[in-house]
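Below are the chains, spelled out letter by letter.
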Amino acid sequence: MSLRNAFRAATAVTLITAGGAFADTITIATVNNGDMIRMQGLTDDFTAKTGHNVEWVTLEENVLRQRVTTDITTKGGSFDIMTIGMYETPIWGANGWLVPLDNLSAEYDVDDILPAMAGGLSHDGTLYAAPFYGESSMIMYRTDLMEAAGMDMPKAPTWEFIAKAAAAMTDRDNEINGICLRGKAGWGEGGAFITAMSNSFGARWFDMDWNAQFDTQPWADTLNFFKGMMDASGPAGYATNGFNENLSLFNQGKCGMWIDATVAASFVTGKDSTVADHVGFALAPDTGLGKRSNWLWAWALAIPAGTQKQDAALQFIEWSTSKDYIELVASKEGWANVPPGARTSLYENPNYQAVPFAQMTLDSILSADPNNSTVEPSPYVGVQFAAIPEFAGIATDVSQEFSAAYAGQQTVEEALAKAQALTNDAMEAAGYK
Amino acid sequence: MARSVTSQRKAINTAVAWAVGLLIFFPILWTILTSFKTEAQAINDPPLFLFFDWTLENYTVVQERSNYMRFLWNSVFIAGGSTILGVMIAIPAAWSMAFVPSKRTKDILLWMLSTKMLPAVGVLYPIYLIFIQFGLLDSRLGLVIVLMLINLPIIVWMLYTYFREIPGEILEAARMDGATLREEILYVLTPMAIPGIASTLLLNFILAWNEAFWTLNLTAAKAAPLTAFIASYSSPEGLFYAKLSAASTMAIAPILVLGWFSQKQLVRGLTFGAVK
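Respectively, the protein sequence lines represent chains A and B.
Take the first sequence: its letter number 7 is residue 7 in my numbering, and every next letter is one higher.
Count along the second sequence from 1, add 1000, and you get the number used in my numbering.
Honestly, the hints are just simulated from the structure, not real lab data.
On a predicted model such as this, the values are computed, not experimentally measured, just so you know.
One or more of the hints may lead you astray.
What the hints assert, rightly or not - Covered by chain B, according to a simulated footprint, are these stretches of chain A (three or more residues, beta-carbon under 8 Å):
hint, region
1, 54–60
2, 75–82
3, 237–248
4, 251–265
5, 421–430
No residue lacks a Cβ here, since even glycine has one placed at the ideal position from N, Cα and C.
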């Protein structure tokens, strides 16, 4: 018997005599944001309950996406749990790359997951990832500046009102921009914003035959409105501003309004914000066509099909996305810091209802429908994206053309013409047409 | 008059050199300064240069959140291992190219360098699959091999350049005195090329230390070096610039210190010539 086999036998005997119970070490790939970091700090609770240890691999969002995609497509088995979003989950689930989460325990109460989240993280009715937190987008605005401008923010404003309010709040001498929005290239940055905005103007990425639609009037209206409003009332260099740049401007009191992820609400009302006491919330704007301009997203935990530690991974997912975990975070960090947007019961909790942005977050999430996001019918699922593998690459190229138009390097018409051509070329090459 | 012109030119040259040096160093200085700010101060507009409330909070948070020593040890092992292994392979290769060249030597040198022109992502999947086959994913050994291979062309080129400066007659004399090939390389060639070998070692250690594509893509939790440590503090959704700066400062500190203490050796090696 070789030394290795002897060791294996000794280990097996030890495990059997210990009653069969043994601890695994699972490796989790995740992103760096406040909620995920908080979860890492609370992992001891999971270890105490299950005996399993956790190794964290924290990466920047785009690096993580590339890293886990490489691993799952090659069945590398580097990770036992992956943090993925609403874009990847249905595609990877359909490819059989993820373990279906169809055997969650009764205590977990899977029906408590917000229907919009469960729908976006499923394929053919099967849940493939459990939402750790969910988000939509909404308006965060300065109540003091709005009052000074002599205007009242409706709960559900139109884009026309937003443009007027932005112009009224803009005070260049005091470095106050009426509105701050994402213009940065990237499908998850400015691309996500303009796609969600375009839904409210009646635009769509593709018709039912997968033909690009950038040559239609709704897209021209969307981009012209965005550029006109931002040139008049937005910050200098908005074409390169993303989430972090706008958060920084808003927290320093340099934005009258900011339309972005609902998770930002806790940042603009937190200790690093100089305007925390003067922030109000409203639904993302519309144009009266029946669709608002808010998106829907979730960071969710999924188990890659190649893992050897499926049981431990499932236990971790049940722990980290449970009602008990929310209670645990609330007891240590306060209700404003619990992961939002995943469970219905959270919004029924009186403690959470007292958080100023809780109801608006829920209303925003509920008003986004990934299965019916456009005014005209479209063949894809997703609000700020189309859940097809080719979308990320195409949308990144398209958003670069749009950003160039915002920066004045080309006209809106030129940007749309280029977007139309490159999208049709890519879709043809991918075999959709 | 001539002396005054020379002094003036010297002063201008010195000023330009300092300006360029400061310009190159400024991003590092700014990172270090930001690491001592709060997150709110880090994004302040106008930016705060020196007059802010200095804090060590970011370093405390980074220390609590990450096992810095494990990342550091992985970096030292991977950068050191790949550099030493690379030099061990490159010395005989460079010797043969410098002292017994064939008609294809220059083509081989150019071909070796051309492998550096291929974007790394182009071979990510093949290498990833090989790593899975050999069980090398998330292992220090795997990264030592990969980084050695990607830096090998540079090591061979550098050593080849240094060796070419050494007169072949010296090695010929050693051979005539009965030295074997091993003795010729070890006891005659290597001592004469020490400055060149040292600068090659240093430069490649720095290159391997800073390598961020393979070290991020081929590691997970066990073998991740300091590049992964930095990446874990980068976020497009949340302001963590001060913490990211603290992590970056901790990651570059060892290599900065090494570079500072070995700068004479580095410069000497880069301007090396056996016979002046």
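Enumerated hints in conflict with the structure, sorted upward: 5
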